[in-house]
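*Asks:* Between the sequences and the hints, there should be enough to build the whole structure, so can you do that?
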Amino acid sequence: MLNILYFASLRETLGHSSEHLDLPPDVHDVGGLLNLLIARGGDWAKLSSVKNIRYAVNQEMARLDSPLKAGDEVAFFPPVTGG
Amino acid sequence: MPIRLQEADFDVGAELSVLRHGDARIGAIASFVGLVRDVSDGAGISEMTLEHYPGMTEKALVAIVAEAKTRWSIFDALVIHRFGRLLPTEQIVMVAVSAVHRGEAFAACEFIMDFLKTRAPFWKREVTPAGARWVDAREADQSAAERWLDE
Numbered sequence: 001m002l003n004i005l006y007f008a009s010l011r012e013t014l015g016h017s018s019e020h021l022d023l024p025p026d027v028h029d030v031g032g033l034l035n036l037l038i039a040r041g042g043d044w045a046k047l048s049s050v051k052n053i054r055y056a057v058n059q060e061m062a063r064l065d066s067p068l069k070a071g072d073e074v075a076f077f078p079p080v081t082g083g
Numbered sequence: 001m002p003i004r005l006q007e008a009d010f011d012v013g014a015e016l017s018v019l020r021h022g023d024a025r026i027g028a029i030a031s032f033v034g035l036v037r038d039v040s041d042g043a044g045i046s047e048m049t050l051e052h053y054p055g056m057t058e059k060a061l062v063a064i065v066a067e068a069k070t071r072w073s074i075f076d077a078l079v080i081h082r083f084g085r086l087l088p089t090e091q092i093v094m095v096a097v098s099a100v101h102r103g104e105a106f107a108a109c110e111f112i113m114d115f116l117k118t119r120a121p122f123w124k125r126e127v128t129p130a131g132a133r134w135v136d137a138r139e140a141d142q143s144a145a146e147r148w149l150d151e
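For the protein sequence lines, the chains are H and P, in the order given.
Here my numbering is used: position 52 in the first sequence is 52, and no number is missing along the way.
Here my numbering is used: position 89 in the second sequence is 89, and no number is missing along the way.
Please keep in mind that the hints were generated in silico from the structure rather than gathered at the bench.
Careful, some of the hints might be misleading.
[What the hints assert, rightly or not] Below 30 Å or equal to it, Euclidean Cα-Cα: the simulated DSS-like pairs (lysine-lysine) are: (1) K59/P - K69/P; (2) K51/H - K69/H; (3) K69/H - K69/P; (4) K51/H - K59/P.
All values reported here derive from a predicted model rather than from experimental measurement.
*Replies:* Quick look at the structure:
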């Protein structure tokens with residue numbers, strides 16, 4: 001099971017702030033998960049055109065090739081704008 | 001290394017007093033306070049909402065302050081960042097650094113702010129007369145953070 005979180009403009013675009021998902025056997029990294037989400041179609045397909053989307057795994061910044069395992073917390077969000 | 005995320009406002013003077021806490025080794029404290037403006041990218045701003053990533057945001061700030069402590073000889077650093085709904089003129093963020101001399105305090109304070117703006121997960125949503133909009137990341141903020149990587 002993955003705990004997936006969506007923040008800020010991505011959360012509004014997708015209409016979800018979080019979800020639980022069983023880690024599919026063919027998904028091994030962040031990029032694989034992103035492709036699976038995009039393949040849902042509808043609003044999810046918009047993920048493919050979001051500029052500079054960021055990812056974190058277990059609350060550390062990650063890359064598309066960062067590996068995933070069951071129990072991970074994965075977050076997708078736009079570039080940060082605090083301060 | 002106090003890191004605080006809170007909805008409530010903060011008292012800069014009181015926070016600086018706590019940071020000093022009668023420590024006679026401290027010769028300098030540099031501080032920065034970020035405020036909500038009423039204009040952004042040419043549009044009037046009536047209010048702002050700050051979102052963060054509970055858990056990761058704290059970790060990111062701890063890591064930024066720890067990095068500052070490896071780069072400069074400073075005693076301590078304070079970071080307070082608010083979240084939730086904020087109005088123009090309200091305080092958003094405070095960073096303060098104590099050191100022996102001003103040079104290290106100034107540099108570490110600026111470094112922490114530059115990295116906070118580009119690495120800590122916060123997102124601003126502004127309300128303008130045309131409706132609400134998420135603030136876009138600024139290239140200037142990225143450049144400001146990257147100049148520290150060359151040093």
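*Asks:* Against each hint, give a clear statement of whether it holds in the structure.
*Replies:* Going through the hints against the structure:
1. K59/P - K69/P: 15 Å, holds
2. K51/H - K69/H: At roughly 26 Å apart (the allowed maximum being 30 Å), K69/H and K51/H satisfy the hint.
3. K69/H - K69/P: Distance ~33 Å between K69/H and K69/P Cα, so the pair is violated.
4. K51/H - K59/P: 25 Å, holds
Violation of the numbered hints given earlier is confined to hint 3; every other hint is satisfied by the structure.
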